[in-house]
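Each chain, written out:
2 protein chains.
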Amino acid sequence: MAAVKGASRLRFFTAWFCPYAQRAWIALNHHRIPYTPIEALSITEDKGYVKHPVLLQHNPKGLVPTILPAEAEEKGKGAAAPAVFESLLCIEFADEYANEKNLSNKPNLMPKGAFAKAQARIMASWVDRQICSPFYRVLIRKDQKERDDAFAELLANLRVFAKNIHPQGPFFYGTDLSIVDVALAPWAYRFYILEHYRGKGFGIPANDTTLSPYFRWYDAVVELPAVKDTLQDKKKLAAVYERYADASAKSMVGDAVRAGKEAHDI
Amino acid sequence: MAAVKGASRLRFFTAWFCPYAQRAWIALNHHRIPYTPIEALSITEDKGYVKHPVLLQHNPKGLVPTILPAEAEEKGKGAAAPAVFESLLCIEFADEYANEKNLSNKPNLMPKGAFAKAQARIMASWVDRQICSPFYRVLIRKDQKERDDAFAELLANLRVFAKNIHPQGPFFYGTDLSIVDVALAPWAYRFYILEHYRGKGFGIPANDTTLSPYFRWYDAVVELPAVKDTLQDKKKLAAVYERYADASAKSMVGDAVRAGKEAHDI
Numbered sequence: 001m002a003a004v005k006g007a008s009r010l011r012f013f014t015a016w017f018c019p020y021a022q023r024a025w026i027a028l029n030h031h032r033i034p035y036t037p038i039e040a041l042s043i044t045e046d047k048g049y050v051k052h053p054v055l056l057q058h059n060p061k062g063l064v065p066t067i068l069p070a071e072a073e074e075k076g077k078g079a080a081a082p083a084v085f086e087s088l089l090c091i092e093f094a095d096e097y098a099n100e101k102n103l104s105n106k107p108n109l110m111p112k113g114a115f116a117k118a119q120a121r122i123m124a125s126w127v128d129r130q131i132c133s134p135f136y137r138v139l140i141r142k143d144q145k146e147r148d149d150a151f152a153e154l155l156a157n158l159r160v161f162a163k164n165i166h167p168q169g170p171f172f173y174g175t176d177l178s179i180v181d182v183a184l185a186p187w188a189y190r191f192y193i194l195e196h197y198r199g200k201g202f203g204i205p206a207n208d209t210t211l212s213p214y215f216r217w218y219d220a221v222v223e224l225p226a227v228k229d230t231l232q233d234k235k236k237l238a239a240v241y242e243r244y245a246d247a248s249a250k251s252m253v254g255d256a257v258r259a260g261k262e263a264h265d266i
Numbered sequence: 001m002a003a004v005k006g007a008s009r010l011r012f013f014t015a016w017f018c019p020y021a022q023r024a025w026i027a028l029n030h031h032r033i034p035y036t037p038i039e040a041l042s043i044t045e046d047k048g049y050v051k052h053p054v055l056l057q058h059n060p061k062g063l064v065p066t067i068l069p070a071e072a073e074e075k076g077k078g079a080a081a082p083a084v085f086e087s088l089l090c091i092e093f094a095d096e097y098a099n100e101k102n103l104s105n106k107p108n109l110m111p112k113g114a115f116a117k118a119q120a121r122i123m124a125s126w127v128d129r130q131i132c133s134p135f136y137r138v139l140i141r142k143d144q145k146e147r148d149d150a151f152a153e154l155l156a157n158l159r160v161f162a163k164n165i166h167p168q169g170p171f172f173y174g175t176d177l178s179i180v181d182v183a184l185a186p187w188a189y190r191f192y193i194l195e196h197y198r199g200k201g202f203g204i205p206a207n208d209t210t211l212s213p214y215f216r217w218y219d220a221v222v223e224l225p226a227v228k229d230t231l232q233d234k235k236k237l238a239a240v241y242e243r244y245a246d247a248s249a250k251s252m253v254g255d256a257v258r259a260g261k262e263a264h265d266i
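Chains as they are written, first to last, in the UniProt record's numbering: chain A, 1 to 266; chain B, 1 to 266.
These are computed hints drawn from the structure, not numbers from a lab. Owing to the predicted nature of the structure, the values given are computational and were not obtained by experimental measurement. Note that the Cβ used here is the ideal one computed from N, Cα and C, for glycine as well. There's no promise every hint is true.
To be verified - What follows is a list of derived Cβ distance ranges for each label pair:
1. A:168 / B:61: 29 to 35 Å
2. A:252 / B:239: 36 to 42 Å
3. B:195 / A:231: 52 to 58 Å
4. A:167 / B:42: 38 to 44 Å
5. A:225 / B:203: 56 to 62 Å
6. B:60 / A:220: 24 to 30 Å
7. B:71 / A:168: 22 to 28 Å
8. B:105 / A:43: 51 to 57 Å
With these hints in hand, go ahead and build the complete structure from the sequences.
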């Protein structure tokens, strides 16, 4: 990445395997915002995490993604740094930061106009709750019917997503990548993991014509440089989800979904 | 309100007793955005609601607040109108709509700057989950310990809010009203309802000095014209909450909290 004059490097607390962090990563890449990535979660032998101490200082839940200004002081040594977290908020932050610092020549990930902005926020949140969260129920719930129901829900909502993609495509709102695309992309890349752990009935059906706009969307999204740079080796990535699939994951998402809650509730 | 040239009147689906709708109402008032209020929920004898048919056409959950452009077509008769809902999103929408249409001479409810905007979104959502949602658990949960715990949580978080109010005040970020203030105001006005139904131990303690910035905040907020216009008669308002207090409310919030979920999960 070319050095950007006058811009300080944000500190980006991430985890290479985390799809929520990947949303922020794509958004930062999209605008070519200079950042220092910090791998902040190490998976331990007992399948929990050791979290980066600076992350824990600035984000009460210790979740990734978390973005800090470069000049952030450690807590207790100065003013508390304004940490940015919650993955969908990080996407909006990337737009606003890039505009403020004049960093980007790419279109914003948020559309223009008050009504369009509200729609995009509603739709990104819908994707988060209605498509991404069922993904974890398929993996983490132990009852076969609950897994079946979660996958049926995911698939039905993916069809709604497909139906609402702009007719010219390939992206949700047409030619430009948006917050709605970024909200789904990391999970779309991970759908193979469901089939890997749960078997044939849990693949996204490639011959389903109601999903054609989705497949076209997917092919376009993973080819974008901002996204391509964030895609991990599929075998290595699947291995991380074994902790969910055998219900041993000691993560906030694992605990929440085992307790009958949803991933978006943590 | 003075007529605003060239501006169409938004359609604002509301319910006079609903604190979520009140957030949008305050934000619309703040910017003097022209709107037509539509009372969209009628409480029925069996303590459920009859909902306005146009609301149900445009918002899948039939929740207030919902904002439609004046020119919105009924579904099936033209393009689907871009409905705006979710109360915190309505506050951001009010800022963006007022700016777009050049309607307001008031400061935005969102602060300036990428980091400050992200902080405001995080804080407004924190207020929603950590102060507003426990309010419903105090009223709706039947177990005394659950009620006690919910009120203790509400009070502890209200102290955190008080501690984080700008030292000069009176509002959260200082002299100007913001999304964080609007997020809390409707519940702050309703705290008397907890004492009304649950007894003396459920009042906000007036002599608690850790809450002094909060009381100063409250006095300033309820005196703002944009807020004052939205405040209902306290006796009439309390009566609406009897449905929650005797656990008979047939509302989405009532159902969710009875089922062990949180108000913010619906």
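Which of the listed hints are broken here? none
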